[in-house]
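The hints should help you fit chain B onto chain E, whose structure is shown.
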Amino acid sequence: MTKIESYGNKPTRDGFGLGLVELGEKDERIVVIGADVSGSVKTSYFQERFPDRFISVGVAEQNATTVAVGLALSGKIPFFSSYSAFAAFRNADQIRVSICYNEANVKIGGGHSGLTVGPDGATHQSLEEVSFLRTLPNMTLICPADFEQAKKATVAIGEMVGPAYLRFGRPSVPMFTKPEDEFIIGKADILREGTDISIVANGIMVWEALKAAEALKEKHNINAEVINCHTIKPIDENALVNSAKKCGAMVTAEEHQVHGGLSGAVAEVLVKNYPIPMEFVGVKDTFGGSGEPFELTEIFGLTWKEIYASSLLAIDRKKNGSSEIRKVKDVAVYTEGM
Amino acid sequence: MSLEINFSSKVFENRTREHNEYDEIALTIRQDIIKSLVLAKSGHPGGPLGITDVMSVLFFGGNMKYESSNPDWSERDRFVLSAGHMAPVQYSTLARAGYFPTDELNTLRKYGSRLQGHPGLDMHLPGIETSSGSLGQGVSIAVGMAMSDWIIDKNDRKVFCVTGDGELQEGASWEAAMAAGSHKLSNFCWIVDNNDCQIDGRVKDILSVYPLKEKFESFNFDVIEIDGHDYKQIQSAFDRFNENQKNNGLPTCIIAKTYMGEGVSFMKDQYKWHGNPPNEDQAETALSELK
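Here the protein sequences line up with chains E and B, keeping their order. The first sequence begins at 33 in our numbering and counts up one residue at a time. The second sequence begins at 180 in our numbering and counts up one residue at a time.
Just chain E, same shape as in the assembly (with noise of 0.2 Å):
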């Protein structure tokens, strides 16, 4: 078993301001639209070093989103950021007609997603964006787990000809990609191999899967595999299918609501291909509220005890076709002196 560790903590958005500097430098064509939150979503590191290809347009997404699609229907490589809560939404249908439908090279940093930026409250949690922008044809949406790769992430979209929305986050987080790991659009990791129960995550539920994992290896000696999905759109059918087959019974977990983000890409791919019971973690059709952020991944249920929890419901699903377990609500019971 491959035991994977920690070698520290930073924030996802450090790694979003860092690679678009790491851009900047290779590609004169990258230009940044400030929204007033630079220093919050760290585009401010690419001001300071290139303060001629920065543009500031004040709070004001839905033109900040389409002075990038000008930009990039005039040849540059236009990043817009600011909280997907207006990042995504706010400027919902500059997305869809401007930069979708015009298949325009733009790309989006949606920072400060999910419950994890913590006391600003619901009005800032974005946990709905990913069921609305998988949805629009030509678009590219990522989710990295961590800083490393949601720098790697980062450059990757700036690398990539066409629409891309980067998702990422606030606070520090655990680091456990490797600088020399490999990060491929739309070619999901498999971080532990498993046979038991799938588990399939993007975003900071990435390092909980990894936790339920060794918690089911030692409890009741389940190999689950774990898969990051940090690409949603395009998904990696063949990885899915593939785990799904090989196990049996699948987990997913994101920060973001239950309906129609990853649940939902992961399902289709395979109800298509290869129906097993499935069972999803993530928020449950309700907004999130003012907490500290990793009070609220605990009080939403958005932590390594949901996805061992959920292993277990469904591997019994898998073994008996339906299960007594999902009348427990309260996953205490399969965690209790852990």
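Check each hint, because a few of them may be wrong.
[Said to hold, decoys possible] Some, not all, of what chain B presents toward chain E, calculated at C-beta under 10 Å:
1. G299
2. E308
3. S313
4. Q316
5. G317
6. S319
7. G323
8. A325
9. I331
10. R336
11. G350
12. A351
13. A355
For the record, the hints were derived by calculation from the structure and aren't laboratory data. Ideal Cβ placement from N, Cα and C applies to all residues, glycine included.
Coordinates of chain B only, in the frame set by chain E:
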């Protein structure tokens, strides 16, 4: 269809002209609009007929730099029709400038046509710079283009954009205005088709956008109000825009007072002609007036 529709193959040069030379061009474009719409059996005649004179002077009076045989020419000025529903006038103008064969105008709004109901970049029609149709977005894209030229590349390419007046009810329009004014985009020319008509009625009755001049001035534009059917005034406005750019001045806003449906008596100044095509009889009457 009993009415026979043909499109002449006539194209016009882009050069300095005497004002009376525009009559033939504008007449040809207006005929094209009526013809393509009666064939399409749907679409918007009113706005296109109203902005035809401005488009004639812009594209055929040497005010815009382009090569229709080389639509991707890197030094070209650019035109964005933010009011994408006015596509028939852009299609006719581009065809008459030689971007594509004029008889393609008979494919408007048909499946697979490069002449989509609203301009679609995915159809690769030469001369179309962006998709447009969701109001308020095209002008912001045009601002982005102007930024690319003026702020990043520091060249002298111009960007022209036509919006409706009802379109200004879209808040995003004013985000674009604020950005153009704040960044002092001297190379940006915003043309407002001020016909005071929108789908449901008069703009001033639906939701007033007035006063326009003062609004744009307060957003740091040089505002020029003109009669949008007077070639001389149209040309003077473009001359002033040229001067503004040369002097690193303010972005230019031309408020062109026009009549919806101009050139066709029964359509003129009638908001109900915003989005209804003429039937065969109406088209025949319209074409008999456009001679």
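Would the hint on S313 of chain B be counted as holding, given a Cβ-Cβ threshold of 10 Å to chain E?
holds (5 Å)
Hint check: is the beta carbon of G317 of chain B less than 10 Å from a beta carbon of chain E?
Holds, about 8 Å.
Closer than 10 Å between Cβ atoms is the bar; does G299 of chain B clear it against chain E? Give me holds or violated.
For G299 of chain B, the interface hint holds, since the closest Cβ of chain E sits about 7 Å away, which is under 10 Å.
Return the status of the interface hint for A355 of chain B: holds when the least beta-carbon distance to chain E is below 10 Å, violated otherwise.
holds (6 Å)
Restraint outcome when S319 of chain B is required to lie within 10 Å of chain E by C-beta distance:
holds (4 Å)
Identify whether the interface hint at A325 of chain B stands, where standing means a beta carbon of chain E within less than 10 Å of its own.
holds (7 Å)
Supplied contact hint for E308 of chain B, tested at 10 Å Cβ to chain E
E308 of chain B check passes; min Cβ-Cβ to chain E is 6 Å, inside 10 Å.
Status of the A351 of chain B interface restraint (C-beta, 10 Å, chain E):
OK, holds: A351 of chain B within 10 Å of chain E, min 4 Å.
Minimum Cβ distance from R336 of chain B to chain E below 10 Å?
Hint holds; R336 of chain B Cβ to chain E Cβ min 9 Å, cut 10 Å.
Taking the closest Cβ pair, is G350 of chain B under 10 Å from chain E?
holds (8 Å)
Interface hint outcome for Q316 of chain B [beta carbon to chain E under 10 Å]:
holds (5 Å)
Can the hint on G323 of chain B be confirmed by a CB-to-CB distance to chain E that is less than 10 Å?
Check passed: Cβ of G323 of chain B comes within 2 Å of chain E, closer than 10 Å.
Hint compliance for this structure: every hint is met.
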